[in-house]
Amino acid sequence: MASAKEKEEVLQRFASEAGGLGIQVVEVIGKVEDVSRHVGRQSELMGTIEQRMAALDHETSNIVVTAGRSHALSEEAVSAMGASKQEIARSLGDINQLTEMVVAGMGRIATLQTALQQVGRVAASIEAIARSTNMLALNATIEAVRAGESGRGFAVVASEVKELARQTADSTAEIRRTLDALQSVAVSLAQDNEASAARARVVNDSTATIGTHVDDIRDIVERIATDLRSVSVEAEAVNTDGGNLLTAVREATSGIAVSAGNLETAKGFLNSMRQSGERLIAITFDSGCDTPDIPFAEEALRLASAVSAAFNDAIDKGAITLADLFDEDYRAIAATDPVQHMTRFTAFTDQACQAILDGALGFNARVVFCCLTDRNAYIPTHNTKFSQAPGNDPQWNASHCRNRRIFDDKVGIAAARNTDRLWPQVYCRDMGGGETAVLMDVSSPVFCKGRHWGAVRLGYKTDLAAYGASDRGTADEAMAMVEQAGAHYVAQGRDSLLAAVVDKAGPFNRKDLYVIVQDRDVRVLAHGRNPNLNGADGNSLKDANGKQFARDMVVLAREKGAGWVDYVWANPATKVLENKSCYVKLFDDLVMCVGIYRV
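Residue numbers for the sequence shown, in this note's numbering: 40 to 638.
Please note that the accuracy of each hint is not assured.
[Said to hold, decoys possible] Listed below are the simulated DMTMM-like cross-link pairs for lysine to aspartate or glutamate, each with C-alpha atoms no more than 20 Å apart in a straight line:
hint: 1; residue 1: K488; residue 2: D628
hint: 2; residue 1: K599; residue 2: D628
hint: 3; residue 1: K424; residue 2: D376
hint: 4; residue 1: K356; residue 2: D368
hint: 5; residue 1: K550; residue 2: D576
[Stated by the list, open to error] DEER-style ranges, computed between Cβ atoms:
hint: 6; residue 1: W608; residue 2: E89; range: 48 to 58 Å
hint: 7; residue 1: R238; residue 2: N101; range: 31 to 41 Å
hint: 8; residue 1: D363; residue 2: G86; range: 52 to 62 Å
Hints listed in this document are in silico derivations from the structure and should not be mistaken for laboratory results. Quick reminder that beta carbons are idealized off the backbone N, C-alpha and C, glycines included.
Sequences are here, hints too, so could you generate the full structure?
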């Protein structure tokens with residue numbers, strides 16, 4: 040059966056742990072919110088990546104199709120270039136034949152010109168003969184005339200010969216004209232044929248060049264076809280990899296979404312734990328236990344009482360009416376960012392309560408702020424340092440102009456509408472400059488003429504170490520307990536000391552401090568917390584690192600009389616391995632030991 044003192048110690052430890060729990064949960068919530076924001080950003084980023092990957096997958100698919108078509112077209116181009124080369128080769132052969140025919144025609148024209156020249160010469164000879172014949176016929180006619188009747192027959196012959204000569208002359212003249220025309224045509228034909236032959240030779244050379252170019256183009260197209268074939272294969276591989284990556288991204292996005300959901304669920308659970316922790320802290324306020332939050336709770340009560348008294352006194356004196364004090368017409372102040380408001384009671388609370396609130400800042404160095412809030416979370420009056428005139432910088436205003444604003448977040452609303460004696464809340468507050476701090480907000484309601492007006496909010500920085508420190512002994516306390524045990528031994532003897540050491544309700548069991556008594560042979564005579572070790576051989580006791588700490592205590596006491604021994608041991612309260620230091624001192628043949636856990 041636990042003694043009253045043990046019950047009190049348990050309750051004290053419970054109260055301290057309750058406060059620490061609330062703070063730790065808020066810190067965890069802060070970390071979870073950070074992770075949640077990070078996961079949220081990752082989710083958005085993964086969503087963007089997924090969209091881009093989907094677009095990239097679509098584009099890659101188009102590239103694969105386009106590359107396939109381009110490859111097919113290039114193959115067709117190679118085939119067409121092959122056919123073109125064959126056609127050009129045939130055309131080149133035809134042009135070569137045409138050129139040869141033109142050259143051969145030039146030879147035949149030259150032969151024709153030679154023949155025409157020969158005919159001209161024959162015609163010239165005939166013409167000369169005709170002229171001679173005509174001349175002879177003329178002479179014959181003259182002689183026939185001279186001969187008279189006897190030359191009449193000869194004259195007829197001469198006349199016929201003359202006529203034949205004339206006809207021959209006419210025919211040769213016609214032949215000459217025809218030959219001249221033919222010769223002119225032959226010359227023109229020869230000139231045209233020469234020009235045609237030259238053009239044919241140029242065309243022949245150009246066609247040969249075209250054939251070479253076609254070969255070059257065909258080689259280029261074949262290389263393009265080869266490259267496009269590689270592009271098509273690589274695009275297909277990229278498309279496959281992109282599809283796999285898109286699938287992986289979608290799976291990752293889905294996983295992140297699930298994680299985000301789990302984090303939100305965890306935040307819900309943690310908020311429930313935080314609220315439970317806050318309720319536990321509220322219970323400790325009424326328990327009478329001395330916890331690190333009690334002084335601040337008492338200060339919040341004092342402040343709320345002072346404000347309530349100021350309100351009631353003002354009503355009694357007519358400084359303000361009850362209707363004005365409970366005014367809910369929040370009028371926005373122009374050109375304020377964040378927006379501030381005025382009511383009919385704002386000027387009054389500034390005058391009546393500003394000094395009360397500023398005085399709270401000197402109560403403890405951990406106090407961050409103290410303000411009034413009405414039941415709608417409107418803060419008319421704040422500490423002077425948070426009530427600066429607003430400027431043009433909204434960020435600066437948000438930190439320095441916190442009066443005359445409505446803070447209707449969950450912490451603000453809960454504090455404003457609480458009517459319990461005290462209401463603690465733990466939350467993370469933005470301190471500016473990218474820094475946050477875990478604050479404890481203790482509010483106490485303000486009443487005026489029996490009506491709930493609002494509350495006083497006292498915000499202070501938490502000190503997690505303080506919650507554990509309330510039930511942890513200090514080095515000075517450990518040394519004092521050793522001296523106290525030594526004095527008990529000297530005054531009342533060995534047996535009385537050993538009995539007092541094992542009595543958990545006695546003077547040598549306080550907080551996490553207790554006495555261990557050993558003799559010079561390292562035998563445990565009395566253990567203040569673990570009766571199973573009474574009578575044990577201390578040489579067999581080792582810490583988590585294998586250190587024979589009990590033996591070291593006796594050796595140190597025998598050699599130096601007193602001192603500290605460090606080791607690692609499980610804290611009986613937390614069941615967690617912690618670093619421990621034990622103060623030891625020799626009294627006659629007894630070694631007194633008291634240890635402290637070092638945080």
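Hint-by-hint comparison with the structure:
For the proposed pair K488 and D628, the alpha carbon gap of about 72 Å is over 20 Å, so the pair is violated. In summary, the hint linking K599 to D628 is supported, as the alpha carbons are separated by about 14 Å, within the 20 Å threshold. Among the hinted pairs, K424 with D376 is consistent with the structure: their alpha-carbon atoms are about 18 Å apart, no more than 20 Å. As the CA atoms of K356 and D368 are separated by approximately 24 Å, the hinted pair breaks the 20 Å bound.
For a cut-off of 20 Å, the pair hint linking K550 to D576 is broken: about 27 Å separates their Cα positions. Our hint of 48 to 58 Å for W608 and E89 holds, since their Cβ atoms are close to 53 Å apart. Range check, R238 to N101: Cβ separation about 51 Å, and the 31 to 41 Å hint is violated. At about 53 Å, the beta-carbon gap between D363 and G86 stays in the expected band of 52 to 62 Å.
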